[in-house]
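Line by line, the protein sequences are chains A and H.
For the first sequence, the numbering used here gives the first residue as 82, with consecutive numbering after it.
For the second sequence, the numbering used here gives the first residue as 82, with consecutive numbering after it.
Treat each hint with caution, since some may be false.
[As the list claims (entries may be wrong)] Not the full set, but computed from the structure, chain H residues with beta-carbon under 7 Å of chain A:
1) 97
2) 118
3) 277
4) 370
[Unchecked claim] Below 20 Å or equal to it, Euclidean Cα-Cα: the simulated DMTMM-like pairs (lysine to aspartate or glutamate) are:
5) A:308 / H:130
6) A:263 / H:156
7) H:155 / A:297
8) A:325 / A:280
9) A:353 / A:257
10) H:119 / A:156
11) A:119 / A:257
For the record, the hints were derived by calculation from the structure and aren't laboratory data.
Nothing here was measured: the structure is a model prediction, and the numbers come from that model.
Note that the Cβ used here is the ideal one computed from N, Cα and C, for glycine as well.
Protein chains: 2
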Amino acid sequence: MINVEIITIGDELLIGQVIDTNSAWMAQALNKIGFEVKNMVTVGDNEKDIEKAFDRALLRSSIVLVTGGIGPTKDDITKKILCKYFDCSLRFDGEVLKNMEELFTRSGREINPLTYGQAYVPDASTVIQNKLGTAPATWFECDGKVLISMPGVPSEMKWLMENEILSRLKATFKQDLYIQHKTYWVEGYTESALAMHLDEFEKDLPGNIHLAYLPDLGLIRLRLTGKDENEQALSEAMQTQAAKLQAAIGEKILTEEDKPIESVLGKLLTQKSLTLGIAESCTGGNIAHTLTTVPGSSQYFNGAIIAYSNEVKISLLKVSPADLDKEGAVSETVVTQMAQGVQTALRTDCSIATSGIAGPDGGTAEKPTGTVYIAVAYRDKIISQKFSFGFSREQIIQRATNAALLMLYKLIK
Amino acid sequence: MINVEIITIGDELLIGQVIDTNSAWMAQALNKIGFEVKNMVTVGDNEKDIEKAFDRALLRSSIVLVTGGIGPTKDDITKKILCKYFDCSLRFDGEVLKNMEELFTRSGREINPLTYGQAYVPDASTVIQNKLGTAPATWFECDGKVLISMPGVPSEMKWLMENEILSRLKATFKQDLYIQHKTYWVEGYTESALAMHLDEFEKDLPGNIHLAYLPDLGLIRLRLTGKDENEQALSEAMQTQAAKLQAAIGEKILTEEDKPIESVLGKLLTQKSLTLGIAESCTGGNIAHTLTTVPGSSQYFNGAIIAYSNEVKISLLKVSPADLDKEGAVSETVVTQMAQGVQTALRTDCSIATSGIAGPDGGTAEKPTGTVYIAVAYRDKIISQKFSFGFSREQIIQRATNAALLMLYKLIK
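Using the sequences provided together with the hints, build the complete structure.
If you want it as C-alpha cells, here you go:
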C-alpha cells in the first residue's frame, strides 16, 4: 500500500493565525487516484522540527508532500533545510527565472534581488515549474520514496498538484490499492439512533468495507469506504453493500451525492428550470454567498436582498410596518412576508427568507440568541419554521444557512 | 518551556472530507495564556496510529490535547484506546448521565442504549462535564504531563476549552514563558520588496524577537513575535522594536490591529457614524456575509442587493439598460451606477459595488475570468478600479471581497 504523509510548515499555522486548508484538499485529490494519506503533520519554521518531521515521514510513508516555507524572506527556511537534508547545494535554474520574468512582466513589476534568489534550487531535486508564483516545486527521490516541496499558497499548490504532481505520482508509483467512498446524507436520525438501526448491517460488512458516521448540522453524513487491490471486485462489493444500506434506510436518504446542500439544491433547480431569490436578515448574505460558490449558479439564482435594517425590509421587501411593530422582525409573520416580498421583487419561482438573532447581543428571554425563523416558498406554497441554533454567531449563521437550503430542497423535491 | 501538542483524530480528516479548524482555534487560545504549540498531528480512527501519536506526543510535549473519536458509534475508538493506553477500565459516571438527561429533555428526545454508553468513562481520568454534548472531556496525568481528550465538534471543544480546560491548564502548569505577537497589515510592497526594505531592522532584532511575513490577498501581514520569561522585559523590548518598525514603514501600515479588514472597516464606520450598503454581482453575497460575521455590524450595515441577473441590476439598482447593453455588466460604467444605485435604494452614506467574471465560464479574450470592477462611494465621492484576480472562482470572490473592503476603508479613512 502506498502511504502518503502531508507536512505543512509555518509558524502562522502553529499560532493559529492561519487555518490549514491545503491538507484536506490534497487528501481528497490523492484519494481519487488511489493513494491514502495516513498522517498529517504541522511544524513551525524551525530547523530541528522540520528535519525530525522529514525523518519520521520518510520512515513510514512512500510519498511525503510538504507545503510552505519556500518564500523569499528570512523566516522561510524550508529550501535551506532541504539542501542540508538531501546533502546538496543550490544551483541556478534558468527556467525558474524565465517563469518569474513572465509573471513580473505581466503585472508590470521588476524582479528584485530577493525574488531573484527564488531561481536557485536544490541541485538534488527535479524542478517543477510553478506558473502562478515565484517558488517552484522540487521533487526529491531517496530509497524508492519521494518527498515533494511545494509553496503553501493554496492556489499555487493546487495548480501544481493538478497540472504536474498528481500525474507524476501516478507514473512513479504503481497503484496497488483502490479506494472507493460512497456517502449518504441521512435525515431524521440522531447519530446513535442511526447506529442502532444499522447495527446488523454494520456487523455483516466485509472486512475491507467500513462504515463511518459524521453528524453535520442536523444531518448525518454516512460514509461507506472500501479498499481492495481488485477494482472490479471492490466496485461490486460496494454496490452490494450500498443496496443493503438503501433497503435499510432508503426513505431517510436525502441524497447520495457527496456534495454540499447548495450543489444538490442547485442541480435540482437547474433540472426543474426554476429561479431563486433570497431575503436574508440574520444570515447577512451567507445564503447568497453559499449558493454562488457553485459554478453555474447564475442559471437559477437571480439575486438577493440582504435586509439587515427594518427600513430595508419595509422598502424593498414590502414587509408590513404594523406587523414589524407588533410581532418584531424575528417572527413567523415577518419572515413569511420577506419570502413573498423577495419572490415579487426579483420575480422568481422560489425564495428563501431568514430572520433571527445571531448574537452576541439582541437576545431576550422570549427570543434568545440563536432563535431563527426561516421561510421557503415555491410558487404559491410557503412553509416556515422556528429554530434554535445555539450560542455562537458563526454557528448560528452556518446552521441557518444549511437549514434554509435543506427546507427549500425538500419543498421542491 | 511548556510545549503543547495537538492531535486530531478522524478518518474524515485524512480523506479531506472535513477541514480541521479546531487546531488553529486551540493554538490561538493557548498562545494567549503563554503556552506554545510545537506540533499538530492528524491521524485516522486506527488503534496503532493513535497509540503511536500518543507515544510521540507524550515524549516531546508537556500538554497533549486530543480531539475527536469519542462519539457513540463503532467507528469512534478513542475512548477504548485511552483505557488501554492508560491501563484502566470504564466506570459509570452519574454526572455525565445527568448532563445527558438535561440535554435530551431540553430537545424532547429519549436517551437510547448507545447514547447511554457515553456515561461510561475511563476510570484513570478526571471527567470534565460537557454542557453542549454527550461526550465529556477526560483529563489524564502521567509523569507530570497531561493528555486531555475532547469531542471533535468545534462548538463543544470551544465551550470546554473556554469554560474548563484553559483555566485548569493555567493552574497545573506554572507559566514560565510569555509570548507576545504584534501584527501589522502593510500595503504597497511585495513580500520581497518589504523584506529588502526591512533587512537592517531584521538583522538588528534581539534573539528573542522574530519577524514573519505572511502575504495575504494583496497585503502583507507582518508579525513580530517575542518570547521571554520576564513579561515586563518582553513588553518593553516589543515596544522598542515596534517603534523602530513604524519609523521604517509607518506610512504603509494600514492597521496595527490583527483583525481582518471587515473588523477594521467596521470600527471606522462606527467611529464616524456612517452607514453602508452593498451591491454585489460576481461576489454573490460574500461581501455582505463577511461584513456581518462581525458582531455589532447592524450598527452600520443597512443591507445589500445581490444583483446576479441584469434584470435585478435594472429594477433595483437603476442601472441604465442602454449602458448594460453597450458596455456589458462587467464594466466601470455599470459598477459605478450600481454603487450609486444601492446608496439611493438603501439610503446609506457609503456603498460598495462589484461586477466581474468569477468563472469558470463567462470569460472572453477582452474580459477573461478574473476580471472584476469594483466601485466604492462615500457620500458624493465615487472611485472605481479594474482588477485581475486570477483563475479560481473561490479565490476571485475572496480577493474581490478583500479589495473592495480595503478600497472603501482607504476612501473614508
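Task: Status of the hint placing residue 370 of chain H at chain A (closest C-beta pair under 7 Å) - done: holds, 4 Å
Task: Given hint residue 130 of chain H paired with residue 308 of chain A - CA-CA distance at most 20 Å - done: Holds, because 18 Å separates the two Cα atoms, which is no more than 20 Å.
Open item on the list: Need the status of pair residue 263 of chain A, residue 156 of chain H: alpha-carbon distance at most 20 Å?
Closed with: Since the Cα atoms of residue 263 of chain A and residue 156 of chain H sit roughly 16 Å apart, the hinted pair holds (cutoff 20 Å).
Task: Interface restraint verdict for residue 118 of chain H against chain A (beta-carbon cut-off 7 Å) - done: It holds, given that the least Cβ distance between residue 118 of chain H and chain A is near 5 Å, below 7 Å.
Task: Straight-line alpha-carbon gap residue 119 of chain A to residue 257 of chain A, limit 20 Å - done: Holds. Residue 119 of chain A to residue 257 of chain A sits at ~16 Å (cutoff 20 Å).
Task: Straight-line alpha-carbon gap residue 155 of chain H to residue 297 of chain A, limit 20 Å - done: holds, 17 Å
- [ ] For the hint on residue 97 of chain H, just tell me whether its beta-carbon gets within less than 7 Å of chain A.
- [x] holds, 3 Å
Open item on the list: Tell me if the straight-line CA distance from residue 325 of chain A to residue 280 of chain A falls inside 20 Å.
Closed with: holds, 13 Å
Open item on the list: Would the hint linking residue 119 of chain H and residue 156 of chain A be met if the CA-CA limit is 20 Å?
Closed with: Holds - the C-alpha atoms of residue 156 of chain A and residue 119 of chain H are around 16 Å apart, at most 20 Å.
Open item on the list: Run the distance test for residue 353 of chain A versus residue 257 of chain A: straight-line Cα separation, threshold 20 Å.
Closed with: violated, 43 Å
Open item on the list: Please check whether residue 277 of chain H passes as an interface residue: C-beta within 7 Å of a C-beta belonging to chain A.
Closed with: holds, 5 Å
Violation of the numbered hints given earlier is confined to hint 9; every other hint is satisfied by the structure.
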